[in-house]
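Novice: What follows is the residue order along each chain.
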Amino acid sequence: MNAATIIAIIVIAAILFFAVRYIYKEKKKGKTCIGCPYADSCPRHRQNGAACGSTEQHNMNIR
Amino acid sequence: MELAYAMNKNSAGTVIKNESLGTAAGNMTLLDAEPGQTYIIKEINTDDDEMNSFLFRLGCYQGEPITLISKKKKSCIVVIKDGRYNLDKMLSEAIII
Amino acid sequence: MRIAFAGNPNSGKTTMYNALTGRNEKIGNWGGVTVGSKEFQLKKEFAGDKEVIAVDLPGAYSMSPFTPEEGITSEYVRTANPDAIVNIVDATNLSRSLFFTTQLLELGIPVVVALNKTDINEKEGTKIDVNKLSAKLNCPVFETVSTENKGLAEMIAKAISLAGTTQKAPYLQADIDLHDKNAVDAEDRKRYSFVNGIVSDVETRKTLSAETTSADKVDGILTNPIAGILVFAVVMWGVFWVSQAWLGPLVADWLVGWIETFQGWVAGQLENSPAILSALLADGIVGGVGAVVGFLPLVMVMYFLIALLEDCGYMARVSAVMDPIFKRVGLSGKSVIPVVIGTGCGIPAIMACRTIRDERERRATSMLTTFIPCGAKIPVIALFAGAFFNGAGWVSTLSYFLGLVLIFLGALLIKGITGYKYRKSFFIMELPKWKAPSLKFAFKSMMERAKAYIIKAATIILICNTVVQIMQTFDWHFQVVEEGAENTSILASIASPFAILLIPLGFGVWQLAAAAITGFIAKENVVGTLAVVYALTSFIDTEELAMTGGANTVAATMGLTSVTALAYLFFNLYTPPCFAAIGAMNSEMKSRGWLWGAIGLQLGTGYTIAFLINQFGTLFTEGHFAAGFVPGLIAEACMVAAVVLIGKRVRAHFDEQYQLHKASKAAKATA
Chain A
66 MNAATIIAII VIAAILFFAV RYIYKEKKKG KTCIGCPYAD SCPRHRQNGA
116 ACGSTEQHNM NIR
Chain B
620 MELAYAMNKN SAGTVIKNES LGTAAGNMTL LDAEPGQTYI IKEINTDDDE
670 MNSFLFRLGC YQGEPITLIS KKKKSCIVVI KDGRYNLDKM LSEAIII
Chain C
3 MRIAFAGNPN SGKTTMYNAL TGRNEKIGNW GGVTVGSKEF QLKKEFAGDK
53 EVIAVDLPGA YSMSPFTPEE GITSEYVRTA NPDAIVNIVD ATNLSRSLFF
103 TTQLLELGIP VVVALNKTDI NEKEGTKIDV NKLSAKLNCP VFETVSTENK
153 GLAEMIAKAI SLAGTTQKAP YLQADIDLHD KNAVDAEDRK RYSFVNGIVS
203 DVETRKTLSA ETTSADKVDG ILTNPIAGIL VFAVVMWGVF WVSQAWLGPL
253 VADWLVGWIE TFQGWVAGQL ENSPAILSAL LADGIVGGVG AVVGFLPLVM
303 VMYFLIALLE DCGYMARVSA VMDPIFKRVG LSGKSVIPVV IGTGCGIPAI
353 MACRTIRDER ERRATSMLTT FIPCGAKIPV IALFAGAFFN GAGWVSTLSY
403 FLGLVLIFLG ALLIKGITGY KYRKSFFIME LPKWKAPSLK FAFKSMMERA
453 KAYIIKAATI ILICNTVVQI MQTFDWHFQV VEEGAENTSI LASIASPFAI
503 LLIPLGFGVW QLAAAAITGF IAKENVVGTL AVVYALTSFI DTEELAMTGG
553 ANTVAATMGL TSVTALAYLF FNLYTPPCFA AIGAMNSEMK SRGWLWGAIG
603 LQLGTGYTIA FLINQFGTLF TEGHFAAGFV PGLIAEACMV AAVVLIGKRV
653 RAHFDEQYQL HKASKAAKAT A
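In order, the protein sequence lines correspond to chains A, B and C. Just so we're aligned, residue 66 is where the first sequence starts under this note's numbering, counting upward by one. Just so we're aligned, residue 620 is where the second sequence starts under this note's numbering, counting upward by one. Just so we're aligned, residue 3 is where the third sequence starts under this note's numbering, counting upward by one.
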């Protein structure tokens, strides 16, 4: 086992670790589609989703 | 109402067509109108209260001027207040001038 | 402290919000870009030491909502009690905007009016007496140009200083029974005449808005059913040609060179290490991700051009010209917006279907909109265009318009299955004033998306590539697969059964099947997986491919001809999109039946298109049908049968619903 091998193993482990951690964090934040260019403005991931998500939005009947 | 009418002349500026012809022209829809002319809306008849009130809020209601900019077989472009809108056939036919 | 931004659609709320908060929310020159509320802290230079949150709301014409986005706005200003409201008024359309303003002024919350787009007024010679308007409205009025940051600081400072005070309304609605339609109507009329009175007092126009201008002549052409669609086709072809055949590849070639050098260097460093490690790092991670990142310039250029299109006001004209066609196939004119948005990403496109009123139309649109190739499909298209069609720009244009055709056909099919109910459907679209697109904004939007693309490549795609690489390297006993025995790997044995199904389509090998499967996680994965399983990276380097024999070499490596390559490309484009989009569809459709119908339709469409292209393409080029014609035909027949069966069932159900109660009971009894 030479130095390059050890470095390679560490690099692979680190890359995978950070990738998985990033995805995990995003999922926790509620962003289900990682890297979606629209993730920030996607109505599906609004924090104050109650205002626009869960209510009877599909129904055009006006209160 | 008078106030609104006085306004029409002010903002639209052009001669209002159907008004000068009086009622002789009868009822016609936007699709029978001539491009470039301004008309007074006589009636909005979409059979859809929500649509009616939506048009109202754009300034498209009875007594208001509407200018036809261009028309095609299935749509037309109009000026309501100071905005330009594309209307489809169904909606153009629902606006009686 | 919270300051809400409210105003008519397309008055520039989000542009102002972006300028004040430093955010980069999506903007566009048409009404209804923002469909949900957003909030963020004001920049220090505007807020001072105070903590001020700006809330961007969707555009609304009044407090009584017509569409769901309008509902969000009126509900927010009514119930969330913001400390102040900034009412953005489109200065070019004062007479319409002030209707909403007078309603906001009645709420008691301090209002500051931002008279936006005053630069356009200056150009057109329209003058608005700000002091008079301010006196009439009983609130401060500021002239602003949010695209140039003009007047924003004073305006927002005033809004902050007013927070907590009470607004005195210049016009109060009479106490009427809000359920009485006529009374409400009369009251609204009174309000409008009040507004009209103000406007005639404060506004002097040089250019009358009702005059036909040269812009109207352009609009006349762009909304003409024949010329308009031709122009749209040329514009889209231009976008694809510049991004995928000219400027994009120019930058990409250079980038790919660097990536390859880096990959070579990594492989060199690992010469003495175990082969698995080299394969994992150099081929899997660097090679696979590199292949996807190599297409970044193409995607970036495309996003840049699309941002320019969205910013100039062309999109509203596209919706207008497409509306009659969409109506004919049983979709709403509003279905055009999701289709337009779908060029960027399918998920917001599916979300945008919410504005469609009719349930059937809404579900049909969200099920069909992903036929439009999204940004993630660009690398796949570019890969095949580069390797098999000499980087031709027509491949992506064709993909786009074939997607449109499939939407029409799919809509007709859905119309047939569900039994079309005649319904009045109105379409009204404001045609915003043309404006020179902002290069700065387009650049920002491009960089934002590039960042997201890189993040996606470095996370999801990287992990997928690593997994693919591992599955390819090992067999089920976790032994390293011998050279020449690749078919025993885990990946091969999982993908092979699927590959058999793909034989009639002309690409029944496990490598291609595996790539198509990983594509469901993210479409870019198709490229990544192909790079890994074939150990190829120089996909877009057409020069290099030409030197080594061009398409023939790739054809030999992948076992594809031009015909089967096209079939494979279209298969990947028109089968179901990524899982995220399917999830979005699920949450929008709210119906198991429709969701499975959508997945089935998309699978069937992808399969059918690929089948037709492969079989007839082969017939055309080689004079005989390709392998698996009969089995493919049987599969197609099964699909048709399934469609007919579902159609029958749905219609029976439909009839049942509309028949008298007795009849349905009788039917149940006999069943």
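Be aware that one or more of the hints could be misleading.
From the structure, some residues in chain A lie toward chain C, with a derived Cβ separation under 7 Å [said to hold, decoys possible]: (1) Asn67; (2) Ala68; (3) Thr70; (4) Ile71; (5) Ile75; (6) Ala79; (7) Phe82; (8) Ala84.
Across the chosen pairs, the derived CB separations fall in these ranges [what the hints assert, rightly or not]: (9) C:Trp478 / A:Thr70: 36 to 44 Å; (10) C:Tyr536 / A:Ile75: 26 to 34 Å; (11) A:Arg86 / C:Ile178: 39 to 47 Å.
Lysine-lysine pairs mimicking DSSO-like chemistry, simulated, CA-CA at most 27 Å apart [claimed, not checked]: (12) A:Lys90 / C:Lys453; (13) B:Lys690 / C:Lys446; (14) B:Lys690 / C:Lys437; (15) C:Lys446 / A:Lys94; (16) C:Lys453 / B:Lys690; (17) B:Lys693 / C:Lys446.
Honestly, the hints are just simulated from the structure, not real lab data. Where is the CB? At the ideal position from N, CA and C, for every residue including glycine.
Novice: Are the hints correct? Go through all of them and say.
Specialist: Results for each hint:
no.	hint	in the structure
1	Asn67	holds (6 Å)
2	Ala68	violated (10 Å)
3	Thr70	holds (4 Å)
4	Ile71	violated (9 Å)
5	Ile75	violated (11 Å)
6	Ala79	violated (11 Å)
7	Phe82	violated (11 Å)
8	Ala84	holds (5 Å)
9	C:Trp478 / A:Thr70: 36 to 44 Å	violated (26 Å)
10	C:Tyr536 / A:Ile75: 26 to 34 Å	holds (28 Å)
11	A:Arg86 / C:Ile178: 39 to 47 Å	violated (59 Å)
12	A:Lys90 / C:Lys453	holds (17 Å)
13	B:Lys690 / C:Lys446	violated (38 Å)
14	B:Lys690 / C:Lys437	holds (23 Å)
15	C:Lys446 / A:Lys94	holds (24 Å)
16	C:Lys453 / B:Lys690	violated (44 Å)
17	B:Lys693 / C:Lys446	violated (39 Å)
Taken one by one, the earlier hints fail for this structure at numbers 2, 4, 5, 6, 7, 9, 11, 13, 16, 17, listed in ascending order.
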